[in-house]
Structures are given as structure tokens and as C-alpha cells.
Amino acid sequence: MYVSRLVLQDFRLYRRLNLDLPHGVTLFYGSNAAGKTTLLEALFYLATTRSPRASADRELIALEAQGDLGLPPFARLSTVVHVGAAEPLKLDVVIQRKYGSGGDLLPSSQKTIKVNGINRRAIDLIGQLRVVMFAPQDVNLVTGSPAERRRYLDVTLSQIDHGYVRALARYNQVLAQRNSLLRTWRDQRRTQRAGDELLFWDEELTSAGARVLRERRQAVERLSKLVQTIYTEITGSDLELTLRYIDTTAADDAAAFAHVLKQQRRAEVERGMTLSGPHRDDLSILLAEREVGVFGSRGQQRATTLALRLAEAELMRERTGDRPVLLLDDLLSELDSQRREHLMHAIVRPDQQALITATDLDDFAPSFLKQVTRMHVDHGQVFPA
Amino acid sequence: MAIGYEHVTAEPVARLIDEFNRLPGIGPKSASRLAFYLLRAKPEQAQRLAAAIIEMKEKTVLCSRCFNITVEDPCVICRNPGRQVQQLCVVEEPLDVVALERTGEYKGLYHVLHGAISPVEGINPEDLKIRELMDRLKVEPVEEVIISTNPNLEGDATAAYLAREIIPLGVRVTRLARGLPMGSDLEYADEVTLGRALQGRRDM
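These protein sequence lines are chains F and R, in that order. With the first letter of the first sequence counted as 1, position 196 gets the number 195 in numbering that gives the first Met the number 0; the numbers rise by one all the way through. With the first letter of the second sequence counted as 1, position 161 gets the number 160 in numbering that gives the first Met the number 0; the numbers rise by one all the way through.
In case anyone wonders, no lab produced these hints; they're calculated from the structure. Hints should not be assumed to be uniformly reliable.
Capping the alpha-carbon separation at 30 Å, the derived lysine-lysine pairs in DSSO-like fashion look like this [claimed, not checked]:
{"id": "1", "chain 1": "R", "residue 1": "K128", "chain 2": "R", "residue 2": "K106"}
{"id": "2", "chain 1": "R", "residue 1": "K28", "chain 2": "F", "residue 2": "K110"}
{"id": "3", "chain 1": "R", "residue 1": "K41", "chain 2": "R", "residue 2": "K28"}
{"id": "4", "chain 1": "F", "residue 1": "K113", "chain 2": "R", "residue 2": "K28"}
{"id": "5", "chain 1": "R", "residue 1": "K106", "chain 2": "R", "residue 2": "K56"}
{"id": "6", "chain 1": "F", "residue 1": "K110", "chain 2": "F", "residue 2": "K97"}
{"id": "7", "chain 1": "R", "residue 1": "K106", "chain 2": "R", "residue 2": "K58"}
{"id": "8", "chain 1": "R", "residue 1": "K28", "chain 2": "F", "residue 2": "K97"}
{"id": "9", "chain 1": "R", "residue 1": "K56", "chain 2": "R", "residue 2": "K41"}
Hey, can you work out the whole structure from these sequences and the hints?
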């Protein structure tokens, strides 16, 4: 799949952008803070309805943005997605601030999503455009907290499988309700009682949770094989790289998960939270049976990260029959020549769209530069080179 | 203030705009449109509106039996001898009663819970009119409780809770069917709705 166009209005430093994109590889270059990463961020947002770096959506709206005629300020993102010979899809997202009752701006914002001009829920947008983003901070995948690795699985699976998005959203919704209830019980020093109110939440949590678990386990099994092959190709080393899903429930289905909840009921009421489930699981990344995040060299960690991202792209291709759009943010400067060579090889091929950012064109071989479209980015404007 | 009307608009108009703006579903733009409409309207129309709002606040109470909003207690539905007392329909909000009455299909009585269970918002069973419902079931000759809470997570949680409490009393508990809206196309139905419709299919 590829995107043929990116339109931005008041998105970060872009007041207005109307950019045509070629099917192949595009290299955005320019100085720091020129707006290169923002282009990739916009496409990531259109694919997942989340920013890879902003913590709140309101940060995405340009500071100078003005609403029309008394409406709050907003940002608009739009793209056109082509998949095979099908009619292109037009995706639009508007992120808008909200006024409080006194006319003051609230910290929250709302988004309106359209697919081909028709209003849709966020859940229906995810997966229409599939992207894999490579970012300099990706090494956190290996060295960071379990949340990073759960997010890696969630972002990947959500774009592949609509049912996964639903199950995960349901799970998180139920989890929030269940935790609130447990907190109330803890604060009131209440324990179990007849007509147990937790039963309903347990049932909902375990049925959504079992689906999430099943999909994650399946994906990890396949990803583990993919990263092994890719890691060997990139590094030429014969060390074994494997992924293992570490689950806090050890449950194979909803009934087993429910049994786990029942057994730890007392502890959960005491602590006022749900103690096991997909929201506490982790992904163990092992090189020769040892945690890469702890025992790996910096070089091994970087290569592992790269392998994880390429495996993510490959999994998406296998499951959807179509290559996702690759977004590579300022990555090549960090890699040594062998790894860079491998990455270039993965990027420059037919049916693969990739958008790359860089500060310095000297990092690239002349043979590579000949095959890509270059665009210069400067202060929120993009110029074909 | 973001709109800046208070600098150019007379203070009483600005105040009305602010009041409208507090209402649900009304943003700053609609608020000023309503205010300026009333500014140009005949004085009687403004009087009628003001009087209607005050009268509503002064003259309505909750029905002591079903907790619907009413002028006289008990409400017209509870007082109507033609209603079937064996059926009791449990809803979240008074507006749901209006919706069900509009169908003309239902001849039983109602019970309004005034909300749904949502621990996140701090709404627990004891915050709803559930104890009152249980009390009614003990004294009224109800044979069937039709749970008509919304088909979302909170509505389902409430329904599950009610079912667990009521079934031991030996009263039949039913839940509104869920499925495809009338006049819709199968191909446009989302998979959850369609899945539920499939589960709830009926013999013909």
C-alpha cells in the first residue's frame, strides 16, 4: 500500500501543507526543527489515531491555529491511501480543542474522523493505513519498560486485525471499571459478599482478555522466527535471537483466566487493582538465551531493535498480503555501514513505499540517492529538490 | 473568553449566552444564535420560555413508585388502571420511558434507575434506585422484569447485577433484544451488532 498525498492544516509547525508523494522512497532532509519528523508523525497518527511522541492531542494543534468564527482551534490531517487496484481511500482527522462553559479552552480535545467523507469511529480508521515507524528512541523497545513492548505488540496487531482493536479497547474499558470497583472496596475495607458485583466485570475482562492473549501469543511465535532470520542477515552473527511472551496469567482461555482472578481475589481487593492480565504482561527478548536489554551490547541492542521493526513490517505483509508504509526517522546516522546497507536493501524495492528523514545527505551513498525522491524541508514547508 | 462578545455585547445578552453555553450540546456559536433570536423575538415568547423553565423546576417531582418525572405523585402511568401490573420495565433514564411509550407496544409499568453502574464515575448499585426496585418486587404482583438498560458496558453491568438480585426472588427476568436496526443493510452493520443479532436469532 502507499499514500499519494498528505494534507496538513495547523498541525504542529505546518500552517498549510499540500504534498504529493511518490510510490517509492522519499527522502526528507533539512536542519533540525524544520518539520521532518512531523511529516512522519502525521502519517503515524492517520494510521493509529495516536501520536508516537505527543502525550496529549492538543499539543498537535499549531499554536497560531485559530478556529473559524468562535469555534475552538483545530488541526486537520488528510491522506489518500492506495491498496492494490481498489479505489483509493481518503482519510481525514480533525483534532479540535474544546471550550469550557465559561468560553475558556479545556485541556481535552476531540477528534473527528472520516473515511471517504463519512464520519467513522477511531476504531474504524485503524488499519485502513498501515505503517511501521522506526525512530531513534526505538532502542527503548529493548531496554525500556514492559509497557513499551506491549505497545509494540498492540500497535502492530491493531493495524492487522480489526477484532484485536475492539477486544483491546473493551479490555481497557472493563479494566478501568474493575480497578475503580476494587479501589472502592479497598477504601471501604470491604471484602467479598453475596451478589458479587465483580462477577460481571470478571466475565467481561476474561473474555476480552483471552482474545488479546491469543492474538499476542500467535504474533510473538511468528515474530520470533522472523527476527531470528533478519538478525542473522543484518549482523552475520549466528547468535540465536528469540522472543517469548511472558504472561502473568498463564491462562489459555477465558475460563483459566477467570480462575486466576478468583484465586487472587483477596490480594486484588487489598491492593485495589487488577494484578494479572494482558495489561501486565511482557515480551522477553533473548539473545543466546540472555535478555538483550540487560546483557546485550549497545550494538546488539540496536540491531535487535531494527530486526523487531523489520519483523513487524514482514508480519503485516504476511497477514494482510500488502507491504505497510515504512516511516524511518533520522535512523541511518545511527547505524554502521553493514546495517545501513541491509536496511537500504529492505527499503528500495518494488511495492514498498518508505519515507525517510535525515539532516545530512552525506550519510547516503550516491547510488542510493539516485533511486529516491529528495525533498527539502524548511520551517514547515516542503520543497521538491 | 475566546469569543470576545462581552466587549461588544450588552451585559444581559452576554449573560444569557453564557447560560445557554452551559447546556449540553450547545456550543458558543449556538448559544449566541439562540440569545440573539430571543433578543429579536416578541416579549411574550421570552416570557413563555422563562415561565416554562421555572414551572418545570417548581412543579415536577419524582414519582414515589417508579421514579419517573411527574407533576402528580404517583405518575399517570402508575395511576392508570389499564396498565398490566405483572410486567415491569427497568430503564436508566426518564427519557427512555418516553421512547418506550412512543412504541405503543408496552402496556406494563416502569421503574427508572436514574443511571447505570459505572465504578469509574463512582456510580455503584447503592447510588441507583435499585433498593427501591427490590422493595417494589416484594409487594407488587410482578411476574416479569424487562431490563431495558442501554446496550453498552455500563448498561450490561447494571443488567447483570439486577438479574443476579432478582432471579432468586422467582421473578422472570428478560433483557431487550439487541440486533439490527430496521431498514438497515447487513453489509453495513458492524461485526459486534451482527454477531449479537446472530446470537439472538429466532425461529420463524
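Hint check results:
1. R:K128 - R:K106: Cα-Cα ~22 Å, so holds.
2. R:K28 - F:K110: With a Cα-Cα distance of about 19 Å, the restraint between K28 (chain R) and K110 (chain F) holds, given a limit of 30 Å.
3. R:K41 - R:K28: holds, 22 Å
4. F:K113 - R:K28: holds, 23 Å
5. R:K106 - R:K56: holds, 29 Å
6. F:K110 - F:K97: The given pair, whose Cα atoms are some 10 Å apart, holds under the 30 Å limit.
7. R:K106 - R:K58: holds, 26 Å
8. R:K28 - F:K97: holds, 13 Å
9. R:K56 - R:K41: Status holds; Cα separation ~24 Å.
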